[in-house]
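Using the sequences provided together with the hints, build the complete structure.
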Amino acid sequence: MDTRLPAEIRPVLDNGIPAAMVTCSGDGVPNATAISQVYYVSETHVALSFQFFNKTIRNVRENPRAHVTVHDIHGKSLWMLELEFERSETEGPVFDAMDMQIEAIASMTGMTGIFKLRAADIYRVISVERQFYPPHV
Amino acid sequence: MSDAPESSAPSPGSPQEKLARRTKELEVLQRAAENLSSTLDLNEIYASALRTMGELFEFHHSIIVLAEPGGETLRVVASRGYDDQGVGGRVKVGAGVIGLVAERRKALYAGNLGQQRAYAAAQRRQMVEAGRGQELGEAPVPGLADAESQFAIPLLARDELIGVFSIESPVKRTFSPHERGLVSIVANQIAIAIHNAQLFEERTQAAIALQAANASLEVRVAERTAALERELRVAEELLSDARSRVEGPLLGDSGAVRVLREAIAREAPRKEPLLLVGPPGAGKEAVAHAVHAASQRAGAFIFVSCPEAHTASRSASLELSTVDIGPDCAFEARFLASKFELAAGGTLYLDAVHELPDECYPFLEAILRRERVGDDVRVVGSTTQYVGRGGHGSRVDALLRVFSRYRIAVPALADRREDIPAIVGHFVRRLARQLGKSVTGVSPESMARLTAYLWPGNIRELRTVLERAIMTARSSVIEIEEDLLDEGLAVGSYRLVSPLGSGGMGEVWLAKHRLLARPAAVKLIRHDVKHGVPQDQLVRRFQREAQVTAGLRSPHTVQLYDFGVNDTGSFYYVMELLNGFDLHTMITRFGPQPAERVITLLRQACRSLSEAHTHALVHRDIKPANLFVTCLGPEYDYLKVLDFGIVRDERGSDATLLTAQNLVQGTPAFMAPEVVIGEGRIDGRADLYSLACCACFALTGRLLFQASTAAQMLLHHVQTRPAPPSQMTELPVPPDLDALLMMCLEKDPGLRPASAMELDVHLARIKVEQPWTQEQAREWWDTHAPETLGRQ
Chain L
24 MDTRLPAEIR PVLDNGIPAA MVTCSGDGVP NATAISQVYY VSETHVALSF QFFNKTIRNV
84 RENPRAHVTV HDIHGKSLWM LELEFERSET EGPVFDAMDM QIEAIASMTG MTGIFKLRAA
144 DIYRVISVER QFYPPHV
Chain E
720 MSDAPESSAP SPGSPQEKLA RRTKELEVLQ RAAENLSSTL DLNEIYASAL RTMGELFEFH
780 HSIIVLAEPG GETLRVVASR GYDDQGVGGR VKVGAGVIGL VAERRKALYA GNLGQQRAYA
840 AAQRRQMVEA GRGQELGEAP VPGLADAESQ FAIPLLARDE LIGVFSIESP VKRTFSPHER
900 GLVSIVANQI AIAIHNAQLF EERTQAAIAL QAANASLEVR VAERTAALER ELRVAEELLS
960 DARSRVEGPL LGDSGAVRVL REAIAREAPR KEPLLLVGPP GAGKEAVAHA VHAASQRAGA
1020 FIFVSCPEAH TASRSASLEL STVDIGPDCA FEARFLASKF ELAAGGTLYL DAVHELPDEC
1080 YPFLEAILRR ERVGDDVRVV GSTTQYVGRG GHGSRVDALL RVFSRYRIAV PALADRREDI
1140 PAIVGHFVRR LARQLGKSVT GVSPESMARL TAYLWPGNIR ELRTVLERAI MTARSSVIEI
1200 EEDLLDEGLA VGSYRLVSPL GSGGMGEVWL AKHRLLARPA AVKLIRHDVK HGVPQDQLVR
1260 RFQREAQVTA GLRSPHTVQL YDFGVNDTGS FYYVMELLNG FDLHTMITRF GPQPAERVIT
1320 LLRQACRSLS EAHTHALVHR DIKPANLFVT CLGPEYDYLK VLDFGIVRDE RGSDATLLTA
1380 QNLVQGTPAF MAPEVVIGEG RIDGRADLYS LACCACFALT GRLLFQASTA AQMLLHHVQT
1440 RPAPPSQMTE LPVPPDLDAL LMMCLEKDPG LRPASAMELD VHLARIKVEQ PWTQEQAREW
1500 WDTHAPETLG RQ
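Chains as they are written, first to last, in the numbering used here: chain L, 24 to 160; chain E, 720 to 1511.
Note that these hints are calculated values from the structure, not bench results. Treat the hints with care, as some may be off.
[Said to hold, decoys possible] Heads up, simulated BS3-like pairs for lysine-lysine below, C-alpha to C-alpha not over 25 angstroms straight-line: (1) L:K139 / E:K891; (2) E:K737 / L:K99; (3) E:K811 / L:K139; (4) E:K891 / L:K99; (5) E:K737 / E:K891.
Model, not experiment: these values are computed from the prediction.
Here it is as structure tokens:
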């Protein structure tokens, strides 16, 4: 198990396949949700978009630990990331890059000003592990 | 056959494969750099950019949009792979991936567009279902509607947004950092190439615009220059016109115009009113201008047409004077007062002052007496009337008397004919320029005609005639036809045809009666011989004189048909027209004549003088030039006595027209002693003395006395006893004739024949070898002057 993101994970983060994110509330109630993008920040950090005040956000604010699974269909594998919420950015290069993508989509769907990035939540990578699909998959 | 190993592609991910890929990329980049930097043609740059991106990446949809002026929109300039190329279409800055990239000037890679669109669409549906649809805007979908991945990169040059290069694909596609770097490199090259091309295009357009602006400017400058030149020409013409109005009439070098210039110089410095007297059109306004110019007065020259003052005063209320000249003052006086104000420090010119409205008199008289405002204004009036013509005690007369303390006589053009060529030349140049005609001058014949013309309308008429001739001119040298001058060549019922000659007192013209077509000779008395004599007095004397002359019935006295005063004020006589020679011409041209012929001629002269003397009229100017030898029908050598113009009425003391100034009148070479001395009563015997002088001249071809000056000649007549004619010629002179002529040449009139009749009797008794016959006379005329007989 590695604590740094390897280079080969970057295309996987960009491949557009929704990732699965699991969080727990402060009292230990789990929640799983699909997230559109895991933004590569550095070998030790990723960013997740904070667009709506939903349960995931509340959970993370109560319990900073999260688990994210990213699928690599071409590589017939999945990557499991153990993350810890560090901070929420509303400006800066990471925020801008994420905001730009969301803004682009919003403008394409007539939702400018509504479908927008409220913050870029920065997570520290605690561990990253690759697991290949079983042969029958 | 051996199994040679087949060449196989390097396995993916192997170093060989990476090297081959990098090498290919390098080649593409190198080629792209060459292609992009080798052209300034935007279309070539677009094509090269799209091709390069296609070679580098397996994207088949690419598009180049460029920022438009104003920065709010982008315009598609090139695309590749789309069904609808969309070139020319627009993308709003801030809208979609491309618009966002342009707005933020940052590259954007989106690899999951489909999913994100679906996610956003779901959100949109939820909002619609929640009744928040009004918050939603339109959903522009530039580029591929089903794009899954897109990479858009701003084209920047020197921090300036040129546009956006975008590639997109309907399949999911990822870009490695290396690939993104490649895209950035190419995009930079594209941006620089486009920027350079745009700059080049801008400069080219600027150059073209500058060229067009220059051309436009040149056209405008040319137009403006032409306009200015036109204005200059107009100004020059106005100046020339103004100058010629002033200078034109004063051109020339005749005695009359020299006197006029001297008068202008003399009168200009004064402050007192000045009167300009002269016939209409003679140039009085020009003289007034000249007086003003010579006066060095700083104020303006103000022109007032007195005949129009009444009308003008009612149509120019704004010009009325602010000077208080009294509440009851008439419009005309207020109008005049306003002109005085304008002329402050200058000259007020009252044209035709004798026609000034009565309402103006009190004001003007006050001005002239220096009782009112305007003492810094020089008042110059003009009139065609002499003082006194309006009648003694008349208001006009009183006004003119105030003016005429200082006056300048402006001569008629007919009195300064020598100036006509100069004036004609001046007007021809000016009028030709004004009328746009290429006229350089007047033909010699026309100039002669112009010079001979009487010009009743004076310079004004001359200008009009020239203007009409120039307007109809077909060559550079204009012809003045006679019909243009017809009116000016008329006196009474006669039309002047051509000048026959001129003398000290006037001119003689060939004329024809307008209706009868009878030829006649018209003698015009020059204007300048009348100067200083009141006009009405002149007219009365002239009429009496003409009446006396007309009363002479002798066939040997030239017959007077008519007399009068023409439009220009010249006196004229209309006399019978005679063909032949005066005695002076005959002797000068053909030499001394035989005694018998001279006797015949003298006897005829005696008959004419006898009648005149019987009426107590003395000719006073008997001389060869006034003894005209002609042919009347079958009669040859018919003598007529001419020019009773200076006859003296023996019975009265009233001098005639031409003797009014007590000057010695007559011709020195033929003047009787008593006329020279001016003592005693002059009678017909003075004419006999002169006639004897003429006889000596005819016999000898020489004057009785030889003298270098007129005074010497006159002195000879008084003191010197002449030599008998027989001693002055080789030709035979009968002693009786010799003695008779010496008798007539006695200093004492009492020793001469008592009368012309007596002289005629003495002449008849003289015995000659062969009397002069009509046959001899006819032969002489046939030989020497066949044209006189109507034969050539």
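A quick look at each hint next to the structure:
For a cut-off of 25 angstroms, the pair hint linking K139 (chain L) to K891 (chain E) stands: about 23 angstroms separates their Cα positions. Restraint check for K737 (chain E) and K99 (chain L): the C-alpha separation of about 23 angstroms stays at or below 25 angstroms, so the hint holds. Under the criterion of a C-alpha separation no larger than 25 angstroms, the hint pairing K811 (chain E) with K139 (chain L) is consistent with the structure, at around 19 angstroms. Among the hinted pairs, K891 (chain E) with K99 (chain L) is consistent with the structure: their alpha-carbon atoms are about 17 angstroms apart, no more than 25 angstroms.
As the CA atoms of K737 (chain E) and K891 (chain E) are separated by approximately 23 angstroms, the hinted pair is consistent with the 25 angstroms bound.
Checked against the numbered hints given earlier, this structure breaks none of them.
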